[in-house]
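Student: Just so it is clear: in the sequence shown, position 3 is 3 by the numbering used here, and no numbers are missing.
Bear in mind the hints are in silico, worked out from the structure with no lab data behind them. Note that the structure is a prediction, hence the values are computed from the model and not measured. There may be inaccurate statements among the hints.
As the list claims (entries may be wrong) - Distance condition first, Cα-Cα at most 27 angstroms in a straight line; then the derived BS3-like pairs of lysine-lysine:
#1 Lys56 <-> Lys178
#2 Lys149 <-> Lys75
#3 Lys166 <-> Lys94
#4 Lys91 <-> Lys62
#5 Lys56 <-> Lys166
#6 Lys91 <-> Lys64
#7 Lys56 <-> Lys121
#8 Lys64 <-> Lys166
#9 Lys121 <-> Lys64
#10 Lys64 <-> Lys94
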Amino acid sequence: MKSILVLVLALMLAAPLTSFASGERPEVAVMTKQCGEVVMSITCPSDRHGKLNCLKTSLTLKTKDGQTKRLTNPKGMEDYTATGLTCSASKVNKASYFVVGYGELPRGCEFCEWYHLYDAKGNSLTSSNPPLLENPNAPPAQNMAPNNKEFDELNGKLGLEKFTVKYLTCDGTTSDSKGNAICFKER
Numbered sequence: 001m002k003s004i005l006v007l008v009l010a011l012m013l014a015a016p017l018t019s020f021a022s023g024e025r026p027e028v029a030v031m032t033k034q035c036g037e038v039v040m041s042i043t044c045p046s047d048r049h050g051k052l053n054c055l056k057t058s059l060t061l062k063t064k065d066g067q068t069k070r071l072t073n074p075k076g077m078e079d080y081t082a083t084g085l086t087c088s089a090s091k092v093n094k095a096s097y098f099v100v101g102y103g104e105l106p107r108g109c110e111f112c113e114w115y116h117l118y119d120a121k122g123n124s125l126t127s128s129n130p131p132l133l134e135n136p137n138a139p140p141a142q143n144m145a146p147n148n149k150e151f152d153e154l155n156g157k158l159g160l161e162k163f164t165v166k167y168l169t170c171d172g173t174t175s176d177s178k179g180n181a182i183c184f185k186e187r
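Using the sequences and the hints given, assemble the complete structure.
Tutor: Okay, here's the thing in structure tokens:
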């Protein structure tokens, strides 16, 4: 019995270290929002110096029973990152939905701000495929727009309450000495 307890204790202590040994970096929530009985978080991996590298974020969902799962980006958003988060209730079915903003960090871009809906189980209800839509009637500098078509349609059907997305901001400088984009958050 004693040897089993020692083995269990050793495994419990070694488990957190395996993420460092395997090259994985722990992710830390930098923004959370409760929606009904569940919590969604935007997370960033931690670097070796204790900073959080938020250039590419992840989404996690913590259910009412304490289970946490990592969510995938909606179709069309594979090359983009979660940049903002809020919750809104439907006037039609009274259910709560997460509204997640997608884009590019650290600075974003002039035509890429997408919105996507997730239900309380973490299912993505919208996609943006293709991510950009062309408007041939617009001037050349303004002829591309984010594809929020599914979001706009579902938002209309659900009658979501007015919402304001809270956006992630980077701390400090947003480019390194070589001009590469960076987005760090302090712990």
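Student: Hint by hint, note whether the structure agrees.
Tutor: Here is what the structure says about each hint:
1. Lys56 <-> Lys178: holds (19 angstroms)
2. Lys149 <-> Lys75: holds (13 angstroms)
3. Lys166 <-> Lys94: Holds: Lys166 and Lys94 sit about 22 angstroms apart, inside 27 angstroms.
4. Lys91 <-> Lys62: holds (24 angstroms)
5. Lys56 <-> Lys166: Holds: Lys56 and Lys166 sit about 17 angstroms apart, inside 27 angstroms.
6. Lys91 <-> Lys64: holds (23 angstroms)
7. Lys56 <-> Lys121: holds (23 angstroms)
8. Lys64 <-> Lys166: holds (23 angstroms)
9. Lys121 <-> Lys64: The given pair, whose Cα atoms are some 10 angstroms apart, holds under the 27 angstroms limit.
10. Lys64 <-> Lys94: holds (18 angstroms)
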